[in-house]
Structure formats: C-alpha cells, structure tokens
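Engineer: Quick mapping for you: the protein sequence lines, in order, are chains A and B. Just so we're aligned, residue 1 is where the first sequence starts under the numbering used here, counting upward by one. Just so we're aligned, residue 1 is where the second sequence starts under the numbering used here, counting upward by one.
The reader is advised that the hints may include incorrect statements.
Stated by the list, open to error - Computed footprint of chain B on chain A; a stretch qualifies when at least three of its residues, placed anywhere within it, have a C-beta under 8 Å from a C-beta of chain B:
#, region
1, 7-15
2, 97-109
3, 340-351
Unchecked claim - Here chain A is said to cover these stretches of chain B; the calculated rule only asks that three of the stretch's residues, wherever they fall, bring their Cβ under 8 Å from a Cβ of chain A:
#, region
4, 30-38
5, 60-74
6, 84-94
It is worth saying that the hints were derived from the structure and are not from the lab. Since we're looking at a predicted model, the values are computed, not measured. Don't be surprised by glycine CBs; every beta carbon is placed ideally from N, CA and C.
The chain contents come next:
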Amino acid sequence: MNEGTTMNLYELTIHEAHRLLQEKRISAVELTRSVLGRIEAVEGRVDAYLTIAAEKALEQAVAADKLIEAGDSRPLTGIPLAVKDVICTRGLRTTCASKILANFVPPYDATVSEKLQKAGAIFLGKVNMDEFAMGSSTENSGFKPTRNPWNPDYVPGGSSGGAAAAVAADMCLGSLGSDTGGSIRQPASHCGVVGLKPTYGRVSRYGLVAYASSLDQIGPITKDVTDCALLMNAIAGHDSKDSTSVPREVPDYSRNLKNGLDDIIVGLPREYHDSGGLDPDVARAVDNAKAVLKDLGARFTDVSLPHTPYAVAAYYVIAPAEASSNLARYDGVRFGVRDKSSGSLQEMFRRTRSGGFGAEVKRRIILGTYALSAGYYDAYYGKASQVRTLIMEDFQKAFETCHVLLSPVAPTPAFKIGENTDDPLTMYLSDIFTIPANLAGIPGMSIPCGFSSKGLPIGLQLMARHFDEDTLFKVGYNFEQASDFHDKKPML
Amino acid sequence: MKISKEEVLHVANLAHLEFDEAEIDRFSEQVGKILEYVDALNQVDTTGIQPTSHAIFLTNAFREDVPKAHLDRQVGLANAPEQEDGCFLTPRVIG
Numbered sequence: 001m002n003e004g005t006t007m008n009l010y011e012l013t014i015h016e017a018h019r020l021l022q023e024k025r026i027s028a029v030e031l032t033r034s035v036l037g038r039i040e041a042v043e044g045r046v047d048a049y050l051t052i053a054a055e056k057a058l059e060q061a062v063a064a065d066k067l068i069e070a071g072d073s074r075p076l077t078g079i080p081l082a083v084k085d086v087i088c089t090r091g092l093r094t095t096c097a098s099k100i101l102a103n104f105v106p107p108y109d110a111t112v113s114e115k116l117q118k119a120g121a122i123f124l125g126k127v128n129m130d131e132f133a134m135g136s137s138t139e140n141s142g143f144k145p146t147r148n149p150w151n152p153d154y155v156p157g158g159s160s161g162g163a164a165a166a167v168a169a170d171m172c173l174g175s176l177g178s179d180t181g182g183s184i185r186q187p188a189s190h191c192g193v194v195g196l197k198p199t200y201g202r203v204s205r206y207g208l209v210a211y212a213s214s215l216d217q218i219g220p221i222t223k224d225v226t227d228c229a230l231l232m233n234a235i236a237g238h239d240s241k242d243s244t245s246v247p248r249e250v251p252d253y254s255r256n257l258k259n260g261l262d263d264i265i266v267g268l269p270r271e272y273h274d275s276g277g278l279d280p281d282v283a284r285a286v287d288n289a290k291a292v293l294k295d296l297g298a299r300f301t302d303v304s305l306p307h308t309p310y311a312v313a314a315y316y317v318i319a320p321a322e323a324s325s326n327l328a329r330y331d332g333v334r335f336g337v338r339d340k341s342s343g344s345l346q347e348m349f350r351r352t353r354s355g356g357f358g359a360e361v362k363r364r365i366i367l368g369t370y371a372l373s374a375g376y377y378d379a380y381y382g383k384a385s386q387v388r389t390l391i392m393e394d395f396q397k398a399f400e401t402c403h404v405l406l407s408p409v410a411p412t413p414a415f416k417i418g419e420n421t422d423d424p425l426t427m428y429l430s431d432i433f434t435i436p437a438n439l440a441g442i443p444g445m446s447i448p449c450g451f452s453s454k455g456l457p458i459g460l461q462l463m464a465r466h467f468d469e470d471t472l473f474k475v476g477y478n479f480e481q482a483s484d485f486h487d488k489k490p491m492l
Numbered sequence: 001m002k003i004s005k006e007e008v009l010h011v012a013n014l015a016h017l018e019f020d021e022a023e024i025d026r027f028s029e030q031v032g033k034i035l036e037y038v039d040a041l042n043q044v045d046t047t048g049i050q051p052t053s054h055a056i057f058l059t060n061a062f063r064e065d066v067p068k069a070h071l072d073r074q075v076g077l078a079n080a081p082e083q084e085d086g087c088f089l090t091p092r093v094i095g
C-alpha cells in the first residue's frame with residue numbers, strides 16, 4: 001500500500017480490498033503475493049489446503065490488474081479466493097479429499113467456478129474437507145486433518161473445514177463451501193467466520209461433486225456479512241446445466257444490508273432452545289445475541305418445530321441413500337485411481353472402491369445401500385421422505401408468524417481432534433440444528449456471536465423462508481455491526 | 001443387532017465393496033447402532049403424508065434440444081486409468 005498502514009493485505013475483507021484495488025492503492029498482484037506469503041507462513045499449522053496454485057494465481061492476478069487498469073473491474077476482480085475441493089475447477093486437481101480421486105483433473109469448470117473467474121476472481125487453490133463432504137470435523141479427509149486456527153488441538157468443523165479455517169486464518173479473502181447437513185454453517189461457526197447455505201436451487205450444482213443431490217448446496221464462507229452478500233451476487237442464479245436450479249431473478253444481496261430491523265420478527269424454535277445437551281457457553285452467547293437484536297429493534301416470538309427430534313434420523317436415511325447411488329460412479333473405469341492388481345472387471349471394481357474410499361464413506365454407502373435394498377425401501381427411505389414433508393410443514397407454519405428463526409449452529413463449540421472419531425452416531429447428532437434447513441431447502445446463515453471459556457468461537461444460526469437470503473443478510477449485517485466478534489483474529 | 005454380518009456382506013456385494021473380518025464386525029456394529037437410532041422415525045404417524053424427494057417444487061425443466069460444445073475425445077479420456085485406441089480400457093468382461 002502506498003500510504004502508511006500497519007495492516008497486512010491478507011487481513012483485508014473482500015469489500016475493503018475491492019476499494020483499495022479500485023483506488024489503485026494496491027494491485028491484485030501485491031494482494032495475491034501477500035495472501036500466498038500468509039499461506040506459506042501458517043499452512044504448516046493449519047493444513048487447510050490440498051492444492052496450492054501459486055503460479056496460476058499470480059497469472060490471474062496480472063490479468064485482473066489489466067482489467068482494473070482498463071476500468072473494467074467488478075466487486076470480485078483481483079480477489080484471491082479458496083475453493084472447497086468438491087467443486088470442479090478446470091485444469092486444477094479436484095480430489096474431494098478422497099484417495100479414489102487423488103489424481104483427478106477436471107476437464108470442465110463447475111458453473112460457480114466459471115462465474116467467479118468471469119468476475120475476475122483469483123483461485124489460490126483447493127481446500128480440505130471430509131471425504132466426499134461426509135463428516136463434521138474434516139478428520140475424514142483421505143489426506144490430512146485440518147486444524148482449527150483458534151487452537152490447533154481442535155477440529156475446524158466440517159465438512160468445509162479447510163474453507164472455514166483458511167478464511168479464519170487469513171489464508172484467502174473468502175471461499176466457497178458446500179452444505180448438505182450443515183457443512184458450511186458448522187465449520188463457519190467453529191472457526192468464527194460467516195457462512196451461508198443458500199436456498200436449494202438458488203446456486204447451480206453443476207460441477208459440484210454430488211453427495212446427496214436433494215440436499216447439497218454451494219455457498220460462501222467469508223470474513224463478514226458484506227463479503228458473503230458479494231460472493232452470493234456472483235454465484236447465484238439459474239443454470240440450464242442444473243435442472244434443479246430455479247429460474248428466478250437474483251436480487252442485489254447488498255441492497256438491504258443497512259436497513260434496520262424494526263420490521264423484523266425473530267422466531268425462537270422451542271425445540272432448539274430447550275434441547276438438552278446445549279453447552280452453557282453456547283447458550284450464553286445465543287442469549288446475548290437475542291439481547292443485541294432486541295436492542296436493534298427486532299421483535300421476538302416463540303415458535304414450535306415439533307418434528308425436530310426426527311430430523312437427524314431422516315437425514316441419515318436420505319443422505320446415505322442418495323450417496324450410495326451417487327458414489328456408484330467411482331469404479332476405476334473413466335477417471336480416478338484404479339487398482340491394477342485385479343484380474344476380472346468385478347474384482348477391479350471391488351478393489352478400486354475398497355482401497356479408494358475411507359471408513360466413513362464406506363459406512364454411508366453400506367447404510368444407504370441397505371436402506372434402498374429390497375424389502376427395506378418403504379421402511380427406511382419411504383418413511384424418512386414422509387417425515388421430511390412434516391419437517392418442511394413445521395417450517396412453513398413457523399414462518400407464518402416470523403421472518404427469521406434464531407438458534408445455535410451447533411450444540412457445542414469445536415471438539416478436540418480424535419475425540420469423536422470412534423463413535424459415528426455422536427458425531428451425527430452434533431448436526432441437529434443444521435440438518436433441518438437442508439431437509440426443508442431453506443437458507444441458513446452462521447454468524448460469529450461469541451467465544452467459549454476456552455477461547456473457541458461460537459456461531460449464531462439464522463434461517464429464513466425459501467429464497468429470502470435478503471433477510472438473513474440484513475439481520476446478519478445489523479447484528480455484526482452491533483458486535484465485534486468478527487473483528488477478532490486467531491493468534492497464529 | 002439390527003444388521004447381521006451376512007446382511008453387511010450382502011449389501012457390500014451390492015455396492016461393490018469388500019471387507020476383511022475386522023471391518024465386517026465394526027461395520028455391522030456401527031451401522032446397527034445407526035439403524036437402531038433411525039428406528040425413532042417409526043414413532044411418527046405418517047398416515048396419508050406425501051413423501052418429499054425435493055424441497056423446492058419444480059415440474060419438468062425443459063430446454064430446447066440444441067447441440068452445444070462438448071469435450072473433445074482426448075480431453076474426455078485424459079483422466080482414464082487406462083486407454084487404448086480412443087477408448088476406455090477395462091479388464092476383460094467376457095471370458
């Protein structure tokens with residue numbers, strides 16, 4: 001920067017960096033070099049990245065500087081981002097953190113990758129995750145666990161743990177994750193950053209490697225709410241390549257941020273707030289958030305989502321069922337790693353898949369195949385799909401009396417690495433507050449709202465009606481401006 | 001146990017997976033526990049409730065059937081573990 005300042009460029013938010021780039025006080029190359037330097041300095045302690053594309057990123061930065069020079073820049077031009085390794089990037093290795101895709105270089109871009117690059121954004125590399133997005137801690141990565149930047153003994157959450165950790169540790173200005181049962185919101189909460197799971201169908205899934213197709217959605221993980229809106233502006237919209245994307249106009253998500261909350265009614269779902277097992281630090285932070293929103297003029301009402309206790313059970317039938325079908329494509333024939341020791345085709349399939357998939361992926365394939373197998377389909381998949389209808393109706397009813405629902409993101413702050421790995425069911429139950437939004441297809445946002453006694457971040461979840469991301473951004477922004485949690489940085 | 005070792009083996013076979021003895025023991029125990037938990041769904045009365053497969057209601061998504069750019073054969077084959085004469089190569093299928 002030309003003017004005297006002590007701030008490192010890598011600490012900037014997207015909107016701050018955009019302003020400095022526009023004013024030509026910094027260049028995209030300087031900014032990218034600063035973030036790459038930061039990655040080099042702290043990656044050894046965080047392990048957020050699976051692939052770092054330094055050379056390519058600097059080429060993109062040179063191109064971005066030309067666009068800015070020509071006066072043709074947009075809000076993301078010259079902004080260095082990280083992309084979860086489940087989103088296809090043409091020519092840039094995409095592994096889903098699975099050994100079975102260790103060598104996969106996509107021949108095409110996901111629609112979101114294409115949109116971001118057309119907007120002039122820079123891709124620093126691909127970030128770690130639970131294998132095929134199955135997990136809540138990033139410990140299921142086939143390559144390495146990522147560490148929580150706030151304390152390296154703790155998990156960053158998951159499955160988008162690399163994306164959230166990279167944002168929290170200033171190893172990128174923002175990132176894209178994916179959320180099937182909380183995989184954007186929960187790691188955002190555990191790492192003290194902002195994460196949004198958009199409405200199902202709002203963002204194209206073309207080029208997002210499928211886990212559970214009726215639940216998966218791509219969304220931003222950012223340092224603040226303003227940045228989250230800017231990334232959504234770039235990635236949202238209908239795509240003829242994804243038949244589940246919705247043909248509906250995309251508003252400017254930045255337009256309402258600064259409007260007040262006088263017209264907002266916040267619903268408090270009884271089943272979420274009265275649930276046993278809520279960590280006292282989490283309860284305190286969420287209570288404090290309620291008080292802040294009340295001071296800002298929001299009104300409150302109690303609501304009931306009576307089928308909440310069945311959401312995790314429905315999810316762990318539906319998601320594995322869809323996964324068992326989606327993951328049938330990894331057979332060692334067209335792409336990925338093949339076991340070459342086998343004589344017959346069938347043997348090659350079995351050995352390739354058994355050697356390539358990790359334990360959690362196999363567990364979910366077994367569970368899903370069983371739930372869909374002859375004689376069990378109605379009892380499991382059919383029943384879970386009916387309960388899903390009831391969960392959706394709960395939300396419809398609740399939104400008759402309020403605009404947003406407020407809850408914790410997770411019952412506890414981040415747990416220690418290794419603490420829950422022996423017991424998959426305990427790990428699944430930690431998704432209780434985030435899973436319902438995926439089943440119902442509604443948008444949900446995680447915003448930093450406090451710290452535990454151990455200094456680990458705590459997130460607040462806001463959920464809204466289908467396609468009402470606008471209200472989440474407004475309430476989130478107002479809350480953020482009235483608090484200082486998002487300004488705090490981990491010591492690395 | 002909710003799921004026997006034989007059922008795990010049967011399902012593994014359907015899913016093209018193979019397990020050693022220790023894995024079969026572990027998976028039947030863990031998957032059994034999950035299935036016991038999932039049984040809670042039976043407490044819900046779903047008589048007459050329509051199942052939901054997608055949360056956003058969209059009917060058929062039609063578009064014009066117009067050919068667009070596609071991958072060149074070599075690009076499509078670039079990730080193939082083995083290839084020959086412009087085709088994916090697999091172990092012999094018919095003896």
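Engineer: Taking the hints in turn, state whether each one holds.
Structural biologist: Structure-based check of each hint:
With a threshold of 8 Å between beta carbons, the proposed coverage of the region 7-15 of chain A by chain B is violated, since 0 of its residues qualify and at least three are required. Only residues whose beta carbon comes within less than 8 Å of a beta carbon in chain B count, and the region 97-109 of chain A has 5; three or more means the coverage holds. Evaluation of the coverage hint for the region 340-351 of chain A: fulfilled, as 11 residues show C-beta separations to chain B shorter than 8 Å, against a requirement of three. Residue count for the region 30-38 of chain B with a Cβ under 8 Å from a Cβ of chain A: 7. That meets the three needed, and the coverage hint holds.
Under a criterion of three residues with beta carbons nearer than 8 Å to beta carbons of chain A, the stated coverage of the region 60-74 of chain B is upheld, 3 such residues being counted. Chain A is given as covering the region 84-94 of chain B, and this holds because 5 residues of the stretch bring a CB closer than 8 Å to a CB of that chain, at least three being needed.
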